[in-house]
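Trainee: Sequence:
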Amino acid sequence: MFKKALALGVFVITILALIVGYYSPMSKANQYSNNSPSDVISEGQILVYENKVILNKEGIYWVRYADTDSMKPVLDENANGLEIVPKSEDEIKVGDIVSYQAVWQDKLVVHRVVDKGKDAFGTYFILKGDNNDEVDPGKVRFSQIKFKTIAIIY
1 MFKKALALGV FVITILALIV GYYSPMSKAN QYSNNSPSDV ISEGQILVYE
51 NKVILNKEGI YWVRYADTDS MKPVLDENAN GLEIVPKSED EIKVGDIVSY
101 QAVWQDKLVV HRVVDKGKDA FGTYFILKGD NNDEVDPGKV RFSQIKFKTI
151 AIIY
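In terms of the working numbering, the sequence shown opens at residue 1 and continues consecutively.
Please keep in mind that the hints were generated in silico from the structure rather than gathered at the bench. Since the model is a prediction, treat every value here as computed from it, not as a measurement. It is possible that some hints are incorrect.
Within a straight-line C-alpha distance of at most 20 Å, the following computed DMTMM-like cross-link-like pairs (lysine to aspartate or glutamate) qualify [claimed, not checked]:
#1 K107 with D130
#2 K93 with E50
#3 K118 with E91
Please model the complete structure; the sequences and the hints are all you need to start from.
Mentor: The following block contains the structure:
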């Protein structure tokens, strides 16, 4: 009788641990893999010469990223990048790095898109810093996304 009660107790504790682990923020953050960003510039748009490189694409902006540690090791101190303004939510893919206006901070946040979905309000994005344990709070809408990183210059 004691062995059955002990076995049942161990079983119940194991099930509870699995449930708690599944719903913990850490497990949610880890369910997202770091997908690669989508291609924006084709090989034919990149012209490499002995003394310069030309990108045949309009609307590219040069940016210097702040060292916040959230995107290490991809973005670090003095990292520079090239960004574009996305025209539609279809241009934003899982794996892309975007600059967006978070509701919890005044400055633009640069994080990776780890999930994309639809709800009653339309398309939403889930974002996360590569070096962060948890995803960013809340769903991010396309109107909040200001730029999409298309190149990082080291």
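Trainee: Hint by hint, note whether the structure agrees.
Mentor: Hints and how they fare:
1. K107 with D130: holds (18 Å)
2. K93 with E50: Not satisfied, since the Cα-Cα distance of roughly 34 Å exceeds 20 Å.
3. K118 with E91: holds (15 Å)
The earlier numbered hint that this structure contradicts is number 2, and it is the only one.
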